[in-house]
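Chemist: Chain by chain, the residues run as shown.
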Amino acid sequence: MVEESKTPATPPEGAKTGAPTPPSGSEKPAAEVSPPAQPSSGSNVAEKAAVLATSERNPATSPATTTKPPAAPAKPTGPVPEPWTAPLVEKYQHQFGSGLQAQSYLGQNYFIVDRSLIPNFLKLLRDDEQFDYCVDITAVHYPKREKQFDVIWILYSFERNERIRVKTMIADGETLPSSVPIWATGNWLEREVYDMFGIKFEGHPDMKRILLPEGWKGFPLRKDYSILQQDKEWVQINLGIESGQ
Amino acid sequence: MNEIKNDPAALKHELTNLDLETPEKPHLDSNELIINMGPQHPATHGVLRVILKLDGEKVLGTECVIGYLHRGVEKIAENRTYAMFNPYVDRMDYVAAVSNGLGYCLAVEKLLNVEAPARANYIRVILTELNRIASHQLWLGTHALDIGAMTPLFYTFRDREEILKIFEKYCGARLTTHAFRIGGCLYETYAGFEKEVKNFVQFVRPKIDEYEKLLTTNRIWLERTKNVGVISAEDAIALGVTGPVLRASGVKWDLRKAQPYSGYQNFEFEIPTGENGDTYDRYLVRMVEMRQSLRIIEQAVGAIPEGPIMAKVPKVIKPPVGEVYHSIEAPKGELGYFVVSDGSTQPYRVRVRPPSFVNLQALDIMVRGMLVADVVAVIGTLDIVLGEVDR
Numbered sequence: 001m002v003e004e005s006k007t008p009a010t011p012p013e014g015a016k017t018g019a020p021t022p023p024s025g026s027e028k029p030a031a032e033v034s035p036p037a038q039p040s041s042g043s044n045v046a047e048k049a050a051v052l053a054t055s056e057r058n059p060a061t062s063p064a065t066t067t068k069p070p071a072a073p074a075k076p077t078g079p080v081p082e083p084w085t086a087p088l089v090e091k092y093q094h095q096f097g098s099g100l101q102a103q104s105y106l107g108q109n110y111f112i113v114d115r116s117l118i119p120n121f122l123k124l125l126r127d128d129e130q131f132d133y134c135v136d137i138t139a140v141h142y143p144k145r146e147k148q149f150d151v152i153w154i155l156y157s158f159e160r161n162e163r164i165r166v167k168t169m170i171a172d173g174e175t176l177p178s179s180v181p182i183w184a185t186g187n188w189l190e191r192e193v194y195d196m197f198g199i200k201f202e203g204h205p206d207m208k209r210i211l212l213p214e215g216w217k218g219f220p221l222r223k224d225y226s227i228l229q230q231d232k233e234w235v236q237i238n239l240g241i242e243s244g245q
Numbered sequence: 246m247n248e249i250k251n252d253p254a255a256l257k258h259e260l261t262n263l264d265l266e267t268p269e270k271p272h273l274d275s276n277e278l279i280i281n282m283g284p285q286h287p288a289t290h291g292v293l294r295v296i297l298k299l300d301g302e303k304v305l306g307t308e309c310v311i312g313y314l315h316r317g318v319e320k321i322a323e324n325r326t327y328a329m330f331n332p333y334v335d336r337m338d339y340v341a342a343v344s345n346g347l348g349y350c351l352a353v354e355k356l357l358n359v360e361a362p363a364r365a366n367y368i369r370v371i372l373t374e375l376n377r378i379a380s381h382q383l384w385l386g387t388h389a390l391d392i393g394a395m396t397p398l399f400y401t402f403r404d405r406e407e408i409l410k411i412f413e414k415y416c417g418a419r420l421t422t423h424a425f426r427i428g429g430c431l432y433e434t435y436a437g438f439e440k441e442v443k444n445f446v447q448f449v450r451p452k453i454d455e456y457e458k459l460l461t462t463n464r465i466w467l468e469r470t471k472n473v474g475v476i477s478a479e480d481a482i483a484l485g486v487t488g489p490v491l492r493a494s495g496v497k498w499d500l501r502k503a504q505p506y507s508g509y510q511n512f513e514f515e516i517p518t519g520e521n522g523d524t525y526d527r528y529l530v531r532m533v534e535m536r537q538s539l540r541i542i543e544q545a546v547g548a549i550p551e552g553p554i555m556a557k558v559p560k561v562i563k564p565p566v567g568e569v570y571h572s573i574e575a576p577k578g579e580l581g582y583f584v585v586s587d588g589s590t591q592p593y594r595v596r597v598r599p600p601s602f603v604n605l606q607a608l609d610i611m612v613r614g615m616l617v618a619d620v621v622a623v624i625g626t627l628d629i630v631l632g633e634v635d636r
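Line order of the protein sequences matches chains A and B. Be aware that the first sequence starts at 1, since it is given in our numbering, and climbs by one per residue. Be aware that the second sequence starts at 246, since it is given in our numbering, and climbs by one per residue.
Think of the hints as simulated: they come from the structure by calculation, not from any bench. Glycine included, C-beta positions come from ideal geometry on N, C-alpha and C. Keep in mind that the hints are not guaranteed to be accurate.
Derived DEER-like restraints, expressed as beta-carbon distance ranges [said to hold, decoys possible]: (1) 421(B) / 235(A): 24 to 30 Å; (2) 228(A) / 451(B): 22 to 28 Å; (3) 510(B) / 146(A): 56 to 62 Å; (4) 146(A) / 421(B): 24 to 30 Å; (5) 233(A) / 544(B): 55 to 61 Å.
Full structure from sequences and hints, please.
Modeler: As structure tokens, this is what we get:
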């Protein structure tokens with residue numbers, strides 16, 4: 001299906017008339033190309049497992065806790081992460097060995113590194129490879145995995161015009177060294193990760209909540225935090241109402 | 246300060262250069278004063294609370310308290326389908342909703358490995374650049390109003406209305422447009438769209454000169470913006486600041502040029518940069534950006550190709566397992582979406598990298614040692630939207 005989508009779409013009848021088209025008019029071509037029938041769930045599971053075997057770092061290693069119709073199977077095929085080869089990768093793979101993997105997905109390159117490499121490897125990327133701009137720090141929660149959290153640094157280099165990601169995995173309760181000494185921008189970004197996931201960063205100058213009020217209990221972007229959940233006690237004490245909803 | 250001075254420049258100089266650390270120079274009663282600015286304050290552009298540590302008029306430090314508008318957009322995304330989440334992104338930076346939607350659509354398209362057709366790209370570029378002008382006009386009006394110039398507000402809102410009219414005719418909404426869909430555009434251009442956009446370009450070009458006539462050489466404006474809120478290129482990069490704020494510090498970097506998306510490589514435009522990284526340079530950079538946006542619109546509107554406006558996207562969007570990051574040059578800086586798919590109809594995780602949030606972090610370094618009134622100027626020049634800061 002994905003390969004099919006790469007080819008440019010044929011001009012849909014009625015979509016290009018110059019006049020405003022009703023929403024249904026231009027939605028139609030999309031409906032026509034949608035898969036005629038869903039593959040049986042049995043074969044799909046096998047294929048999904050195959051995908052997982054080739055790339056064990058995929059988010060699919062733990063199914064989402066979000067509710068979704070059980071009958072809907074995943075895409076039968078999809079691009080899988082490929083090894084990323086570059087002089088930069090060879091240099092660090094030589095240095096760090098099995099603690100570091102380099103992969104590429106849809107042309108986007110990322111490192112998966114052992115937690116123990118974290119402050120040093122990031123520092124090397126900034127000092128030796130000119131990744132001087134830390135775009136973002138974020139996390140993803142996979143509750144069924146032993147190491148529940150992916151923590152991701154998105155880095156950019158003005159020199160190279162290149163964007164990479166560095167990903168590490170940590171268990172619940174584990175901490176990470178702060179990257180504020182490397183990139184000042186990490187300050188608020190790490191606070192947000194703490195606020196939403198409860199991951200603490202050691203050595204952070206001001207490790208406290210940023211978007212939620214201080215004293216709030218729970219970390220909303222964890223998968224076991226329901227979308228309707230709230231800190232009832234906080235709401236009652238501070239807002240004087242029964243519920244925020 | 247033993248004698249009253251009439252020279253405001255000298256007074257300002259003296260106040261900003263007060264040496265409060267050494268007690269042998271007792272200029273003022275050096276008790277520290279902590280005051281709250283906001284969250285209900287007209288100059289904070291929303292519900293931003295800044296805790297100011299002051300010594301007299303001088304700012305010793307600031308702390309931003311944010312989150313008053315936190316709606317949990319990233320959590321909502323995990324509980325909606327890909328298409329259902331699309332309108333939510335408009336509510337983050339609500340003065341540049343078209344850019345927000347474009348960034349999200351491009352990220353999901355990347356995940357689906359789909360590319361929008363050429364015609365859709367042209368429509369996207371035209372609307373996004375119109376939105377950039379609208380966003381900058383709103384910034385200019387409110388920023389000038391904060392500093393004390395009221396006229397630009399009326400001028401810019403009058404002219405911004407013409408852009409909103411085009412949006413309304415195109416997709417039915419003025420602000421939260423939801424103009425694009427994953428895979429292209431839902432709506433064809435309406436009859437007379439090209440003519441109206443061309444007329445708008447002709448209409449607004451002299452208006453931008455008019456704004457400049459009001460401000461660029463205005464003595465009060467110069468006094469209030471020159472050398473106010475200076476940030477060096479090194480600090481800006483370390484703090485992850487992007488957009489016009491970074492460019493005003495002399496870094497020639499724009500994602501539309503560095504990593505073009507939606508066919509920006511087909512258009513000729515310049516990236517304006519500043520030298521001093523002060524409020525005045527940021528003003529000039531944004532003024533030039535508006536003109537450059539007009540240039541892009543002019544090139545695009547005359548060359549919209551024929552063809553489909555939607556790529557072949559299945560009606561039920563179910564991207565394969567994987568994760569991508571895609572970012573665009575929004576009016577305020579780099580707006581990125583990190584989307585993780587687990588192969589289901591709902592995103593497993595959507596992370597928004599908001600330019601306003603990261604840029605606001607630079608407030609502290611920019612106002613330290615300045616006067617209290619400059620805080621207002623610096624909040625204005627950062628061009629933050631609290632809907633995006635808090636999400």
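Chemist: Now tell me, hint by hint, if it's right for this structure.
Modeler: Hint check results:
1. 421(B) / 235(A): 24 to 30 Å: Distance hint for residue 421(B), residue 235(A) holds at roughly 28 Å.
2. 228(A) / 451(B): 22 to 28 Å: violated, 53 Å
3. 510(B) / 146(A): 56 to 62 Å: Violated - the Cβ-Cβ distance for residue 510(B) and residue 146(A), about 45 Å, lies outside 56 to 62 Å.
4. 146(A) / 421(B): 24 to 30 Å: Violated - the Cβ-Cβ distance for residue 146(A) and residue 421(B), about 42 Å, lies outside 24 to 30 Å.
5. 233(A) / 544(B): 55 to 61 Å: Roughly 58 Å apart at Cβ, these two residues keep to the hinted range, so it holds.
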